[in-house]
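Protein chains: 4
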Amino acid sequence: MGPAVSGTRKAKLWGGRFRQDTAKSVLAFTSSLPFDRRLYREDIAGSIAHARMLAKQGIISSTEGEAIVNGLVALREEMDRGQFAFDPHLEDIHTAIELALAERIGEVAGKLHTGRSRNDQVALDLRLYVKGAIDQLTGLIQGLERALVGLAEAHVQTIMPGYTHTQRAQPVLLAHHLLAYFEMLERDRERLGDCRRRADVLPLGSGALAGTTFNIDRDFVARELGFGQVSRNSLDAVSDRDFIVEFLAAASLVMAHLSRLAEEVVLWSTPEFGFLTLDQAYATGSSIMPQKLNPDPAELVRGKAGRVFGHLVGMLATLKALPLSYSRDLQEDKEGLFDTVDTVQASLEVLAGLFSTVKVNAPAMRRAAQEGYATATDAADYLARRGLPFRQAHEIVGQLVRYAEERGKALAELSLEEFRRFSALFREDIHQALTVEASVAARDVYGGTAPGQVQARLEEAKRILGMPADGP
Amino acid sequence: MGPAVSGTRKAKLWGGRFRQDTAKSVLAFTSSLPFDRRLYREDIAGSIAHARMLAKQGIISSTEGEAIVNGLVALREEMDRGQFAFDPHLEDIHTAIELALAERIGEVAGKLHTGRSRNDQVALDLRLYVKGAIDQLTGLIQGLERALVGLAEAHVQTIMPGYTHTQRAQPVLLAHHLLAYFEMLERDRERLGDCRRRADVLPLGSGALAGTTFNIDRDFVARELGFGQVSRNSLDAVSDRDFIVEFLAAASLVMAHLSRLAEEVVLWSTPEFGFLTLDQAYATGSSIMPQKLNPDPAELVRGKAGRVFGHLVGMLATLKALPLSYSRDLQEDKEGLFDTVDTVQASLEVLAGLFSTVKVNAPAMRRAAQEGYATATDAADYLARRGLPFRQAHEIVGQLVRYAEERGKALAELSLEEFRRFSALFREDIHQALTVEASVAARDVYGGTAPGQVQARLEEAKRILGMPADGP
Amino acid sequence: MGPAVSGTRKAKLWGGRFRQDTAKSVLAFTSSLPFDRRLYREDIAGSIAHARMLAKQGIISSTEGEAIVNGLVALREEMDRGQFAFDPHLEDIHTAIELALAERIGEVAGKLHTGRSRNDQVALDLRLYVKGAIDQLTGLIQGLERALVGLAEAHVQTIMPGYTHTQRAQPVLLAHHLLAYFEMLERDRERLGDCRRRADVLPLGSGALAGTTFNIDRDFVARELGFGQVSRNSLDAVSDRDFIVEFLAAASLVMAHLSRLAEEVVLWSTPEFGFLTLDQAYATGSSIMPQKLNPDPAELVRGKAGRVFGHLVGMLATLKALPLSYSRDLQEDKEGLFDTVDTVQASLEVLAGLFSTVKVNAPAMRRAAQEGYATATDAADYLARRGLPFRQAHEIVGQLVRYAEERGKALAELSLEEFRRFSALFREDIHQALTVEASVAARDVYGGTAPGQVQARLEEAKRILGMPADGP
Amino acid sequence: MGPAVSGTRKAKLWGGRFRQDTAKSVLAFTSSLPFDRRLYREDIAGSIAHARMLAKQGIISSTEGEAIVNGLVALREEMDRGQFAFDPHLEDIHTAIELALAERIGEVAGKLHTGRSRNDQVALDLRLYVKGAIDQLTGLIQGLERALVGLAEAHVQTIMPGYTHTQRAQPVLLAHHLLAYFEMLERDRERLGDCRRRADVLPLGSGALAGTTFNIDRDFVARELGFGQVSRNSLDAVSDRDFIVEFLAAASLVMAHLSRLAEEVVLWSTPEFGFLTLDQAYATGSSIMPQKLNPDPAELVRGKAGRVFGHLVGMLATLKALPLSYSRDLQEDKEGLFDTVDTVQASLEVLAGLFSTVKVNAPAMRRAAQEGYATATDAADYLARRGLPFRQAHEIVGQLVRYAEERGKALAELSLEEFRRFSALFREDIHQALTVEASVAARDVYGGTAPGQVQARLEEAKRILGMPADGP
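Protein chains in written order, with the working numbering: chain S, 7 to 478; chain V, 7 to 478; chain H, 7 to 478; chain B, 7 to 478.
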C-alpha cells in the first residue's frame, strides 16, 4: 500500500519529491490541456493498444488490462458526446485521461503508465494525429482538383491570354491554365504522402528517453495502431519533431499554391479583367458601399498563407539548438500544427466551392487574347521555320510590333506588303498563322497548350481523380 | 420608411444588392467574431466617441446620440459581466454590437454607422488595443526588471565567471550579469514606447477609403479617445498595419531577450553548473522519473520565442504586395497579435516570479570563477601596463597558460620564478593581480564590472524603477 | 622582448596557448573577412579614435599614438584606392588591419589593441555602419518621396477609382493615392530614425565582456566618433545586436511598402487596367516574345521583400537562446545586414527612377472611376443626410444597384422617377450628387480625398521634402 | 539577311521593339549574372542537349548542330579554366553564353534559341543544379554519419547521463546518444532523396509559357540530361519553384539537426560539463584572453541554422500570391539557394572533422551519470514489477529521493532498511538494480540503450554506410 497522495497533488502525475505546490501562474503557463485535449482520441487509442500489450505480455493481468481498456472506451464515448468536463488545472490531456480513468476504475488505472512515459506518449499521439490530418487533407485536395478539372472540362475550347509578368504573353486554353494547378496540387499530395511515410513510425516504447525496463512488445503495439515502422533510437524518438516541420513545410507549399490561385481569382474578378463572376455565395459586401461584391474568401486564402509560413518558422526556431532529448520547448509543437490543419482544410473547401460555382466570361477572355500582340512569337517562329536564325527573327518581329504599335494597329491588321517590308520570308499564310486558334494549335508538344494535348492531360487528370470519363 | 429587411440578411451589415445568401462554409471561413470579440471594449469606446461627435455636429440629434451612447454603455456592462451571448453566425464584433444595439434601442441604432465604415472602425479598435497592450506590457517588463534588480542588489559582491562562447572568460559580478538584462529590457520599453507613439493616430473619419461626406469633427473624437494625432491620408489609414508589424517586431526582441535569460536559467540550474536552485513552485516533475525537477517554465519561455517570431513573419508575408487600400487579407492581423500579447505577458510574469524566488549558489559561482585561467587577461594587461605591446603580452601569457595547463596548475599556483621564465616584467605583485577580486576591481571603467561601477548602475536602475534606495 | 612568434601564427591575433594549427576547413568556415572587409572604414575610424585616446591618457606615448594613427590613415587610403590585397587566410577585418599595420609601422602596432577586444571592436564597427546606412537610406527614401510627390502634383485633378478588395470602391484623386505612400515612407523614415538613436551608443571600452583594466576615456572616444551615448553594461554591449534586428525590421517594413507600390505598378501597367505606361528604360523585354514590355524592375522590388523578411527571421533565430555574453553565432549578423542595405537602397533608387519617368493615362483612370457603381455610397449618404438611418439607406441603395445592374445601367442613368421608386427622399439634385467630381469633392474631411484637402497635404509634403512651393 | 542590330542592343536577347535603352540602375538591379554565372555548366549542358535534339529533328541542320555543340564545349572549357571574362553589363548567364557563342561561331548561334525560352531554360538549369547539390550533400551527410558512428563504436561501453530538460534523467550509452543523430541524418538523406525525385522533371519544351511551335523531342532531351520525367503542363513548368522550397525546407531540417549537435558540442566542452575536449584544429582563440579555446566552429554551425531558415521564409514569401506563369520575382530563387547549399556543405564538413578528432572524457561522463538520482526510475520500475501500480511506485520513489536529498545522500547510499521504510517491496537486490550498468542493461528493448541493442543498431548503421564490420 502506498502512502497517501495529498489533495492538491492529485492533479499531477508527479509530485512525490516536491515539498511545494506549483505556482498558479506556472500551472496556467505550462498547461497544454486547453489545446492538446484535441488529441483525446489519439491518446486513448494509444493507451488501449498499450494496455492490451501489457496484458498480453503479462506485465499486468488480463483482468487489469480489460478494466483499463473498458474504462478508456467508456471515457472516449463520454468525450465524443462532449459530456466530459476538462479540469483546466490539469497539466495535459494525458493527465486528464489518466486521472479520469482512476476516478472511474480505481487504483488499477495507475498500472497503465507502466513501461511508458509522457515523452513517448505525446510523440505517439502527434504521429497518429498527423497521419490522420494528412489523410483528410489529401481528400480535400482532391476535392479542389475535381472542381478545377470540372471547370477545365467545360472550357477546353476557351482561349484566354496566357500571362508572364502579368502581361499578356501568348494565347492559351483556360483548361490548360486550370490544369497547371492540378499539377501543383498533385505534387502537394505526393509530398504529404512522403511526410506521412516518415510520420508512420511508432515511438512508444522509448520511455522517457532510454527505453523501458519492462518486457514490452513494440511490434504488437505498432500493428494494433497501424504503424508501418518502429522507431530505432529512443533518444531520437522522444525528441524528434521532424515530421511536424515536414508537414508544416508541405502545408506551406499547399498554401503558396492556393495563394496564387486566390490571387488570380481576385484579379480575374475585377471589372478591369472581367474574366470571372463570383457566385454571390462566395462573395461578401461592404458595410458602407452598397454596390460592393468583394472576393473576400479568395483574399482570406491569400492572406492565410502568411500564417502557415509563420507556423513553420516558429517551429524551426523552437527546435533550433535544443540539446537531446526531450525539452519542454517541444510543447510548442501543437498549436501551430492544429491551426495549420484547420487553415489548409478550410482554404481547400472554400476554394473548391468557389470554383464549383464561379461563372467564366469566355468572350472577355477571348477578346483579351486577341488584343495586342500575343501572337508575335508565332511571327518570329514563322520566320525561324523558314531558315532565319531565331535571334534575328525575334529582332525583326520586335521592329514589326513597334511599327504596328506606332500606327495603332494589331499585327493581324498589317497588310502582307507591310509584313514583307520587314522580311521577304513572310507569305500569304502569315495572317492565318497569327490567329489565336492557330497559335494555340501550333503548340502541339507534350505539356503544351494545343487542344489535343490539353484534352489528353485532362483525361489523365480525370482518371487519377476517379472522375467519369464523359464529364465532370 | 425603408423596405423590409429579410430575416437571414439581418445577420449582416450589407446585403441589399445580394440575391443569394453567403455559403455556410464561407461564413465560417470569413467570420472574425471568434477572435475579434476580444475587441469589444475598444469597439464600444470608439462607437461612443463617434456617436457623441455625430450629435455635437448635429448629424444626429442629441436625443439620438444619448440613446445610442446609453445603449452602448449598457451593452458593454453586459459583456463585461460575461452575460452577452455572441451569435457565431455574425461576421465580426462590429456587426455583433450594431445588431445588439438595434435590438435594444431600435431603428436609431442604424444611425451610428453614419460617416464611418468598418474599415476605419477596425483600424481604430486595433490602435486602441495596441496602445493598451503596450501599457500593460511595459508595466510587466518593469516587474521583471524589479525582480532582476532585487536579485542583483543581493549579489553585488557575488563573483562568478563571465562567459564568452559559453566558456569561462573573465570574472564578473553576478549583479553585473543581471543588470545586462536590465539594459535589454529598458531598450524593449523604449522600443515599445516608440511603437505606441506611432500607433497613437486616430484613423476614424477615413471612411471606407476616401474620407466621408459628413461634416465630422475628427479632433473631437481624437480628444475623446485620447489620441495624440489624426491620420493624414484616408487610403493609408484604412490599410496601414505598420503599427502591428512594429509591435510584433518589438515583441520578438522582448522574447529574444527572455529566451536568452531562460537559456541561462536552464544552464545554471543543471547540476553541472549548479549556480541556481529553482523554487519548486517554478519547476515541474516527470510522470516517470521520480527524481526530476525540471525548469519547464524557463524552457517554455525559450520555446515560445519561436512562436512570436512566426507571427511577425506571418504578418509581413500577409502584407506583402497588397495593393491599396483595404483588402480582406488584413483580417489576418488579429490572431497573431493577440497571441503575441498573451505570450509576452505570461512569459514576463513567470520569469518575474522565478527570479523573485530562485536561490543563488554563490560559492559554486565563485569556485567556477577561480578555476581555470579566467584571469589570464589580467596577466597580459599586467605586462602591457609595463610597456610590452599588448600583442606580445597576449602571446607570452598564452604560452604561460599552456605551460600551466600541461602541469595541471592554475595560473596563481605558478611561482614567481616560473612567471619570470616567460617575462622579466613579472614582479611579486603578480599573484595578487590574478585574484578574482583584483580582476573584477580592476575593470573600473564606465560600464565595467568593478563593484563601484556596478553599484552605481544598480542605483540608477532602482531610481528608474522607483525602487526604494535601501533595498529591493 | 617577447618570444618569437612563429610563421603560421602571424595570421591570427591569438595562438600562444595553441599547440596546433587551425584546420583549413575551419579557417575558411570561420573567417568573416570575405564580407566584413566592407567595414574597413568603420574599423579604421574606430582604431584611430582609440589610439588617440590611448595617447591622451598616457597609456601609450604620443609618438606611438601618432605612428599608429598615421599608419592607419595611410592604410585607409590604400584600401580606398582598392590597392590593398586582402589575404583570404585571415580571420577578419580587424586581424587584416592590425597585421597590415604591423607590417608597415612595426612592433608598436601591437599596442593598438591595448584596452580593447575584438568583441567591443566589432560592435563598434557595426554601430558606425548602421548609423551610416540609415543616413543613406533616409536620403533615398526622400528621393522616392520626391518622385511620388512630383507625380502627385501633376495629378491633383486626376480622378481614378479608389479600390478596396481590388474592386472599385469610391472615386479618389490620383494625388491622394500617391500621397498614401508618402505617409508610409514618412513612418519608415521616423522608424529608422528611432533605430539610429538606439544604435548611437558607443560600445568600445567594454573589452571582451567585463570592461578593461586600463584607464581609458570612453567619453573622449564617443565624441571623436560622434556617438551620443556610452554603453552602460559591458556584458550587454558585446552581445547586443538589437539595433541590427530593429534595423532589419524597419527595413522589412520599407520593403513591405515598396512591394505594395510595386504591385500597383504591375497591375496598373497591364492592358486590362491601362493606367500607366512604363518608360522603356524601366521595362525589359523577352528573349522569345518580341512584343513584350515587362515591368521587371517592379516585379523584382516586390520579390525582394521576401529576401529582407528572411534576413530578419534569420537574425532573430540566430539570437534566440544565446547565453551571455559574446558567442560566435553573432558573426552571422553581417551578411544579411549588408544585403538588406543593398537591397533597400537599390529598390528605392529604381522606384524613384520609375516614378520620375512613368506616363499616367488619366482618361483611362477617369473612365474606370465612372463605370460601375463607385458613387453608390454617395447615394446612401444622400439619404442619410435627409434623415434616414444609414443602415436603411445602405439597404435601399443596395437594392437600387441591383435594380440598375439587372437593367445594365449605371446609377446615373436611372431616371429620378426610378430613384424615387426606392425612396421618396431622392430629389432632382441626386444626379449631380453622383458624379465622380461631386463624390470626390464631398469627402472634404481632414485626410479625405477632396481636392482642397489633398492640395493641403501636398503642400505639407513638399515643405517637409524641401521642394519649391510652385512645382516639383 | 536580318536588319542591323545596334551596338548597345547586342547586350540583350531582346530589344527590337524598344526605342530606348534600359536605365543603368535598372540593368544593375535586374541582372542576375553576378550570381547565376554559377550555373554555367548546367546551362551549357542544357544547350548542348537542346542543340543535339534540334539537329536530330531537322529543325537545324546537323552541321549547324555540330557547330553549336562544339562552340559550347569550347566555351565550357574556357569557363572551367577560369579564363572567361564575364561582362557585368549582361542580363544573365543565358545571355552571356549565347552572345559568347555568337562571337565564336557567328550567326548560327542565333539558331540555338529556337523552340525554347529563357523561362524553360532557367527552370532546367535550376533543376540540374538542385539534383547535383543533393547528390553532393547526401555524400557529405554520410561523411558526418561515419564520423559519428566511428566515435560511437569506440564508446559502446561509455555510460553518460541521458538528459531531458537538460537535466540528468537516466543513464545511457554515449554510443546510443550519438546514434540518435544518425537517425536524424538518415531522415535528412531520405527527405533530400524525395526532393530530388520531384526535381527530376525536364521543363525544357515548355517555351515561354505555352509550349513551342517546333517539332521538338522532349524525351530525347530528357534522356540526354538524365531526367526521369518530362513536365506535363507548360504554364506550371515555367513558374514552378516547389523543388527549391522543398530543398530549402529539407536543408532547414538538416541545419536544425546540426544546430542541436552543435549545441551539445558547446555544452559538453564547457569545464562545467567537461565531457569533450576539442582538438585545437577545431577551436579558436581570443584576441584578448590568452587562455581561451573556444568552440567557434560549433557555434557558427548553430548560428547558421538561422540563415537557412531565413532563406526558406524568403522564398515562400516571394512565391506567395504570384499569378501564373513566370514573373521576374522568381529570379529571387537563386541566391538563397546557393547560399544554403554552401552553408549546409561547410557545416557538414566541419562537424565531420570535429567529431573525427574530438576527445571524449569518459570518466567525467560516468561520474555525472552516477551522481544524483538518475536511476530513480529503476527504483519505481522495481516496485511496479513487484505489483505496485506504477503511479504509486512513482510517488513512493519521489518521497525516497526527497528523503535522500535532505540527507545529502545518493539513492545507492541509503540502507536497505531505509528503502523498506518507504516500501516493504524493496529487497536486497535493490542496490544492484540501481547501478548505472544495471540501469542501462535493463533497457533491453528495441530502440533502447541496453548494450546489445545499441551494438545491433551500430552494426546496422555501419552496414548502411558501407563501413567495415570490425571497426571504424
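There's no promise every hint is true.
As the list makes no split between identical chains, a pair holds if one copy fits it or if it spans any two.
Subject to a maximum C-alpha distance of 25 Å in a straight line, what follows is the list of computed PhoX-like cross-link-like pairs (lysine-lysine) [to be verified]:
| no. | residue 1 | residue 2 |
| --- | --- | --- |
| 1 | 30 | 415 |
| 2 | 365 | 415 |
| 3 | 30 | 340 |
| 4 | 30 | 365 |
| 5 | 415 | 62 |
| 6 | 340 | 415 |
Please keep in mind that the hints were generated in silico from the structure rather than gathered at the bench.
Quick rundown of the hints versus the structure:
| no. | hint | result |
| --- | --- | --- |
| 1 | 30 to 415 | neither (78 Å within a copy, 31 Å between copies) |
| 2 | 365 to 415 | between (32 Å within a copy, 21 Å between copies) |
| 3 | 30 to 340 | within (22 Å within a copy, 28 Å between copies) |
| 4 | 30 to 365 | between (57 Å within a copy, 20 Å between copies) |
| 5 | 415 to 62 | neither (85 Å within a copy, 39 Å between copies) |
| 6 | 340 to 415 | neither (60 Å within a copy, 40 Å between copies) |
Of the numbered hints listed earlier, those contradicted by the structure are 1, 5 and 6.
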